[in-house]
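Residue numbers (full-length UniProt numbering), protein chains in the order written: chain A, 1 to 276; chain B, 1 to 276; chain C, 1 to 276; chain D, 1 to 276.
Note that these hints are calculated values from the structure, not bench results. Zero decoy hints are in this set.
Derived lysine-lysine pairs resembling BS3-like cross-links, with alpha carbons at most 30 Å apart:
#1 K30(A) - K20(A)
#2 K263(C) - K20(C)
#3 K20(B) - K30(D)
#4 K20(A) - K30(C)
#5 K263(B) - K20(B)
#6 K20(C) - K30(C)
#7 K30(A) - K20(C)
#8 K30(D) - K20(D)
#9 K20(B) - K30(B)
#10 K20(A) - K263(A)
#11 K30(D) - K30(B)
#12 K30(C) - K30(A)
#13 K263(D) - K20(D)
#14 K30(B) - K20(D)
The structure presented is a predicted model; accordingly, all values stated were derived computationally and were not measured.
The lines below spell out each chain.
4 protein chains.
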Amino acid sequence: MCRWLAYSGSPVLLEELLYKPTNSLVIQSKHSRLGVETTNGDGFGVGWYGGGQTPGLFLSTEPAWNDRNLRELSAQVAAGRVFAHIRASTGSAVQQTNCHPFRHGRWLWMHNGVIADFAAVRRDLTLAIDPVLFPGIEGSTDSEILFYLALSFGLSEDPPSAVARAVGFVEETGRRHGVAHPIQMTVATTDGEVTWAFRYSSIGRSRSLFHSTDVSTLRRQYPDNAVLHDLSADTRLVVSEPLGDLEGAWREVPESSCVVVLKGVEELRPFAPVVS
Amino acid sequence: MCRWLAYSGSPVLLEELLYKPTNSLVIQSKHSRLGVETTNGDGFGVGWYGGGQTPGLFLSTEPAWNDRNLRELSAQVAAGRVFAHIRASTGSAVQQTNCHPFRHGRWLWMHNGVIADFAAVRRDLTLAIDPVLFPGIEGSTDSEILFYLALSFGLSEDPPSAVARAVGFVEETGRRHGVAHPIQMTVATTDGEVTWAFRYSSIGRSRSLFHSTDVSTLRRQYPDNAVLHDLSADTRLVVSEPLGDLEGAWREVPESSCVVVLKGVEELRPFAPVVS
Amino acid sequence: MCRWLAYSGSPVLLEELLYKPTNSLVIQSKHSRLGVETTNGDGFGVGWYGGGQTPGLFLSTEPAWNDRNLRELSAQVAAGRVFAHIRASTGSAVQQTNCHPFRHGRWLWMHNGVIADFAAVRRDLTLAIDPVLFPGIEGSTDSEILFYLALSFGLSEDPPSAVARAVGFVEETGRRHGVAHPIQMTVATTDGEVTWAFRYSSIGRSRSLFHSTDVSTLRRQYPDNAVLHDLSADTRLVVSEPLGDLEGAWREVPESSCVVVLKGVEELRPFAPVVS
Amino acid sequence: MCRWLAYSGSPVLLEELLYKPTNSLVIQSKHSRLGVETTNGDGFGVGWYGGGQTPGLFLSTEPAWNDRNLRELSAQVAAGRVFAHIRASTGSAVQQTNCHPFRHGRWLWMHNGVIADFAAVRRDLTLAIDPVLFPGIEGSTDSEILFYLALSFGLSEDPPSAVARAVGFVEETGRRHGVAHPIQMTVATTDGEVTWAFRYSSIGRSRSLFHSTDVSTLRRQYPDNAVLHDLSADTRLVVSEPLGDLEGAWREVPESSCVVVLKGVEELRPFAPVVS
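Using the sequences and the hints given, assemble the complete structure.
Take a look at the structure:
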């Protein structure tokens, strides 16, 4: 469906994340190894935190692999917190307002997966969105609705709880419409300080998700690897699939769990939907 | 805001409608004479009835004046019923799903104008849409919501009544939110057989709207005008602004009225919103 | 690199060629079976002969698989002679002027392959183009330059000879610049009456090319196959790869040969570059 | 035809240049005051010098006024040297490779105007380009050819002389083809340290060109103007038309002259084509 990465650490040029790794996100846009679709060519997006009040967004309907503006931007913009996403549409239109990451104030959100039978449940889900937030909806994806549900359920106060309630509501609504397995997701969200990443699916077989391991351990393990020495100790990546083949560098996020990344420390917590 | 034309008559190449007139729609995309905006460069759309079950649509986010595919298509495709629209966005995203005409089954719909303070009323309007129709909403414009309201209020059974109820509902909703003049519109809709065009605004000063006059009368008036002799007697155009300067060729549609065009006969009726 | 099809026969809706076959060109845009690249997502083009003086062209930089306008057009436009092409760029920009088929007057041209080390030979090749034709060059591909060379060498008088001289000139120029294998190509060209298709490469291992076999034979072989009965007897397809798995329906075009399709009869000729 | 601005001074967010002025370049894209065309909606480009070896480029075929990525980028990227251009095509395709500024190594180039009867002279001009530079040509505009001629005539060693020779060669070539007034131009070019801007036309009635005046003088003149106090003393703008109405802030560049801007000092020199 899609692939994404969430970076936090010392400021790096976007190209270090998007182009240079062996299995970079741009390479995954044409040849994903672990995705449901090998091709993720239905647009892409990058969000980064610079000096502004809100993070910057560059969204495009072009495939990432042939977009020259993405290459230019990636060679010029450095950031210490980056969300990037490549899209394989499950049917909704290929347009910038359907590209991830979605933004609300300082928050970014991106999703790989699907709300099953979305046409059937879309209205009920939409009605549950806080009327104050409603005018911000711009696209037509299940992912954006999930974001707005999480926002409505208190994302900015308690992200894990808000996502649990949003997912619980999606499952409850789906089942009321006779959907056996209402949601499939890996989700990342951030306020610019902390990253929360979730791996969950109603069927219990979720899309792949990994996080990078401690850089200092890796350095001891690979004393001659120059790349590792350029990274700050607090660097962490959460990714749909590993960006390279370095043994020990990636750890799979277990089913039904949430990874919280704060100042270079990741914490793994169980995740379960909550029904109100 | 926008400009549009609705054609019915003998099959003509699209270029006869879109490029060749002195004040063609493509020319209006850069230099509209009567529009609120002189530039209508935020995408365009053409809908035409060919051999298929549903009308064809060509929608683009490019300005009409520089779109080469529109020029190509216009030189190849002929049709006896054509809707065409050039867009000047009032804020919503420039994307194909926001381009007019909108389609539902055999129905086409296009709009020039605005639902005032749309962000404030959007949710209430959206909730009034028939849940069966709801999944068809793809874009984020006021115009599409107005279409879906009209469909929900029975467009396919009694178009003038459905539009009257949709507009009445928009006005009632707007006023409940403190909007003084909730709607401004010229709208055209067709099922492929009849065209209905509406000119109305809450403030009573609606965007311009014209229809072409009887071709046979024009022929007598201008016996040497070759263009007129190529047109079938039942040819009728309803347009945001005249496509040329031929005296007697265009008649303004009065405020608060509806023009019904069927088999080359136009009928003018008063139009007033209906509150349920 | 790319994939294409050249159709001639009774008029069919474009969707019959582009969407409905098991291994349709749109499916190949994401998952080509025999291509050098499985993904051909760097734009596409369709050329068709309608009523106009010149064939119509619809060119787009979007991947064919997600382009809604292509789907619409394909459901509305029927033609008896169609060229269609999906692109996998070998480096030149993704823009409409680099999409195939290229057009000159009534002629269409499309190419799968590459002129090796094009940057090195581009200038010399460009200088050999007839100065009268030169202003028509709009893009930056090797494929367009090859077309203009063929036009300069007399494509409209004797296509096989003109292509042989163009290819001979490319090989001679390449070798002068130290290029071992200067050209790799399957090419199709038509004037709207006859289709010529070429399979050739300097290295003698050319990209795949097939033509469909006699429809009446197939009908006898598969008396229950409804699709075959809808096709006129003179229907012929030349394709980069078979559109389906029907045994006996496709015949590989041999290395270094040219297929000429005229009124449902295909003629196979040897092809060899000619050096002036 | 087009409008542009060339900024040098203390680093500013792009939005300060492109969006905030009363008559900003984005406003000019829809409503230019002094341009030959009021609408400059055929794409745009921004080039800026950041930390990289070469300046960054963001080029788009969308109208500047509705491009959301431009707005995002402008809110995030700051630079001390910026070239920006909005395009009104005189016929060549609307594609990124035809958007200004053009780049070669550290050099940027942008142009407002036209090489008259370009189709007639294009081949001769192209042949005069240094064969080493030739492979870099990507688009189909007269402006890019003019850039490559200037590069071929020594732009990186002596810009005024190289431009004079390039323009001389264009005039000579045009006249040989019977063109009365071969060139119309305002051009800006920079290596990232110095900006050179030229105003010239064969007919002696060139497109408008202005440069900003000394900031410290303006500050004394308008002691209460906050904007002026944020600008560093070496800030200079060269623009197709003034970005605002502040009296004394802009000085017209005379016909047939060149402005050289280096470290906040502008020098005005006469400019005349040189025929080899």
